[in-house]
Every structure is written in structure tokens, then in C-alpha cells.
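Going down the list, the sequences are from chains A and B.
Each residue of the first sequence is one higher than the one before, starting from 1 at the first, in our numbering.
Each residue of the second sequence is one higher than the one before, starting from 1 at the first, in our numbering.
FYI, nobody ran anything at the bench for these hints, they're computed from the structure.
Be aware that one or more of the hints could be misleading.
One copy or any two copies: either way a pair holds, since identical chains are not told apart in the list.
As the list claims (entries may be wrong) - Derived DSS-like pairs (lysine-lysine); straight-line CA-CA distance at most 30 Å:
#1 K169 - K2
#2 K62 - K169
#3 K51 - K2
#4 K40 - K2
#5 K2 - K62
#6 K40 - K169
#7 K51 - K40
#8 K40 - K62
There are 2 protein chains.
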Amino acid sequence: MKTLVILSGGLDSTTLFYYLRSLGHDVSAAGFYYGQRHRKELDAAALTCDKFGIAYPIVNLKHLGGMLKGNSQTDKAVAVPHGHYEAENMKLTVVPNRNMVMLAAAGAVAIANGCNAIAYGAHAGDHAIYPDCRPAFVQKMREALALCDWNPLQLLTPFVAWTKGDIVKAGIVLGVPYEQTWTCYAGGTNPCGLCGACIERAEAFACAGAVDPLLQK
Amino acid sequence: MKTLVILSGGLDSTTLFYYLRSLGHDVSAAGFYYGQRHRKELDAAALTCDKFGIAYPIVNLKHLGGMLKGNSQTDKAVAVPHGHYEAENMKLTVVPNRNMVMLAAAGAVAIANGCNAIAYGAHAGDHAIYPDCRPAFVQKMREALALCDWNPLQLLTPFVAWTKGDIVKAGIVLGVPYEQTWTCYAGGTNPCGLCGACIERAEAFACAGAVDPLLQK
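Using the sequences plus the hints, can you model the full thing?
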């Protein structure tokens with residue numbers, strides 16, 4: 001299986017990269033820059049690809065991101081909210097239709113490069129806040145991607161029913177170097193510990209009974 | 001219905017724009033630049049929007065287009081083929097996954113602007129060459145777009161079972177100024193008359209029993 005992983009450099013997609021390699025996939029990767037506040041995640045992803053001698057093309061969707069106002073990720077007028085993911089204010093972090101855009105662009109890159117599958121790190125913890133992480137949405141995109149080219153393109157989402165804790169547990173077994181991942185929305189020298197992404201990451205390590213190496217640096 | 005039309009400035013999407021207006025939709029428009037050889041279609045679309053006092057935002061996907069080699073639309077190393085659409089060499093004009101990318105990006109723009117529908121000019125004549133114009137693909141995208149946000153986003157494709165001749169027939173009744181549309185892949189001062197797009201356009205006008213005003217200029 002020649003599989004293109006949507007690799008953001010965060011915890012989920014980096015674990016996915018290692019997981020699919022461990023299953024014997026011929027793994028390539030691509031990233032997406034949509035005007036997010038910082039590129040620390042992408043830098044982390046580039047390090048991962050470098051380690052395995054593969055390219056890390058980054059699709060620049062900044063122009064589209066700049067057209068999407070009203071969310072904290074691509075609209076600098078909207079502050080990054082603090083608090084738990086489930087809270088109402090976390091809806092401010094939702095970039096409209098982000099996953100469909102990423103899956104569509106990844107599909108294009110995959111077809112142009114002769115891949116027969118794309119993979120992304122959708123997981124159970126995202127369902128409550130991101131409509132485009134719901135299993136029903138993922139299934140429809142799977143069916144659409146199977147028809148978007150004359151050769152069916154598979155969509156792999158092995159973590160879709162996993163919690164972030166499950167992902168970290170599996171990643172520790174696989175030896176994922178979590179010090180080479182980035183999650184915090186704020187993008188400072190150290191994780192802020194206050195944004196939804198930081199809180200969720202801390203919960204994932206707690207669930208897995210592990211310590212986040214990024215906090216030990 | 002607040003509807004965002006994917007308006008390329010060609011025959012199909014311009015007719016769609018007029019058609020939905022005639023049905024009472026509150027129509028807005030967006031274009032896509034993916035590094036195609038010329039911007040004459042987009043210029044034509046801008047004229048149409050100007051006429052009705054609406055904006056014509058163009059989503060710049062040139063960076064993604066540049067990553068997709070092997071097709072005549074975004075890879076300058078591949079020449080524009082001559083001949084009929086059904087011919088094998090016309091496959092060179094297929095930009096991988098183009099329609100999914102456009103629908104996904106249009107969905108993002110539509111959600112950010114409070115639209116409840118997006119529309120595009122898929123029609124029966126495209127099915128044989130473009131996998132992502134097939135009714136089955138369109139239906140899956142319709143189902144995915146209905147789930148990509150908490151509020152369902154509708155996908156309208158009223159021409160999906162129409163021929164290009166049917167589209168021109170309807171457009172003439174609606175008074176579509178076809179001299180303000182552009183179809184030719186080559187982008188010269190006048191249509192080349194040799195590329196698949198020109199041949200198909202000529203057939204459409206012939207089917208509708210009409211003369212293409214672009215050829216009378």
C-alpha cells in the first residue's frame with residue numbers, strides 16, 4: 001500500500017505516520033499551511049520526515065485561509081481561546097470545512113504521485129467540536145475519494161474510534177519521539193498549557209500513564 | 001436560498017449563475033485559480049459579477065496546482081492536446097481531484113459567509129473523461145457537504161443530467177451574454193477552435209441551433 005499521510009506534526013498525525021510504517025505501508029507525507037498562527041507543528045513534521053529520508057511537501061493554502069474570517073486559527077482578529085475543548089468558546093478554533101479541504105488537496109497530491117491511499121488522524125476526541133471529524137463525515141469522504149479518480153483512492157482513518165489517550169499509548173509502544181511533535185495553538189518557546197490543544201494533550205498523556213517529554217525539556 | 005456559485009467564467013457556470021438568479025436565489029460567486037495557462041475565463045467571470053454588483057473573490061490554489069504534474073492545465077511541460085474530448089489524449093487535461101478541491105474550498109468560503117448552498121456546473125458531457133464529474137461522485141460530495149458543518153450545506157448541480165447543448169438552449173432563453181464567457185484552453189485573442197474545449201463549445205451551440213457570439217466578434 002502506497003499511502004500519503006496528512007502529517008501536521010502534532011501528536012495524532014505523527015503517531016499515525018509511525019503506525020502505518022509499522023504495518024508495512026510505503027508511507028509518504030504532506031503538510032498544509034492555511035495561515036495558522038505559527039509553523040511549529042510543520043517544523044516538527046519536517047523533522048520526522050527528514051529522519052526517514054522522505055520529502056515533506058507543504059501545500060500552501062494561506063490564500064484560502066485568509067478568506068475565512070471568524071476563527072482563531074486563520075483570523076488574527078480572533079484571539080486563541082483558553083479552556084477545555086468541549087466549551088462553547090472552543091468553536092472559535094474551527095476553520096470552516098478544513099478537513100474536506102485537506103483531504104481533497106491530499107487526494108490531488110496522492111493521485112499525482114501514484115499513491116493508492118491517503119490517511120489522516122481523525123480520532124474520537126474531536127467529534128464534539130469539529131463537525132468534519134465525525135465518523136459519518138469521514139465515511140462520506142471515504143466514498144467520495146473512492147470515486148474521485150478512475151482508480152479508487154482509499155481513505156484510511158485507523159484512529160477514528162480511538163481517544164487521544166489510546167493514540168499516545170500506541171505511540172509509546174511504537175517509540176514515537178513525542179518531543180519532536182508540537183500541539184499548542186500559541187506557538188511560544190514552550191507549550192502555553194492553557195489552550196484547548198495543550199489541555200487535551202496533557203489529558204492524553206495522563207490517560208496513557210505517561211509523561212509528555214515536551215514538558216520535561 | 002443563499003447560494004455560492006463556483007463561477008469559472010465558462011459557458012456552463014455562467015449559465016448556472018443566470019439560471020439560479022432566475023429561480024430567485026441570493027447568488028454570490030467565487031472563482032479558482034489553480035495555475036491554469038491563462039486567466040481569460042476568470043476575467044469573463046469578473047465581468048459577469050461586476051454587472052450585478054457582486055464581489056468575485058478568486059481562491060488562489062496556484063501552489064497546489066504547481067504540485068500536480070502531468071496535466072496540461074497546471075503543468076506547462078504538457079502541451080494542450082487537440083481533438084475531441086472523448087479521445088484518449090484529452091485525459092492530459094485532467095487536473096487530479098480538481099472538483100473535490102474546488103467544492104471543498106467553495107464549501108469553506110460558503111460557510112464563512114453564511115451561505116446555505118453551493119452550486120457548480122457539472123453536466124452530462126463531462127462524465128466520460130472526468131471521474132469527478134460522474135453523478136455518483138457528485139452524490140457522495142453532496143452527502144459529505146451536508147455533514148461538513150453543523151448546519152447542512154446543500155450542493156446544487158441542476159445541470160448534472162443535461163448536455164452542453166441543453167445548457168446553451170436554456171442560457172439563450174435566460175439571455176446569457178455568451179460573448180462574455182470564455183472556453184478555449186489556449187487563451188489567445190480568439191478561440192483556437194482546435195482544443196477539446198473549443199470543439200465541445202461549437203457542438204453545444206450547434207445542438208442549440210444557435211451561433212456562438214464569440215465567433216462573430
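The hints, checked one at a time:
no., hint, verdict
1, K169 - K2, "within (26 Å within a copy, 46 Å between copies)"
2, K62 - K169, "neither (34 Å within a copy, 40 Å between copies)"
3, K51 - K2, "within (19 Å within a copy, 49 Å between copies)"
4, K40 - K2, "within (27 Å within a copy, 38 Å between copies)"
5, K2 - K62, "both (28 Å within a copy, 26 Å between copies)"
6, K40 - K169, "within (23 Å within a copy, 54 Å between copies)"
7, K51 - K40, "within (17 Å within a copy, 45 Å between copies)"
8, K40 - K62, "both (16 Å within a copy, 24 Å between copies)"
Violated hint: 2 only; the structure is consistent with all others.
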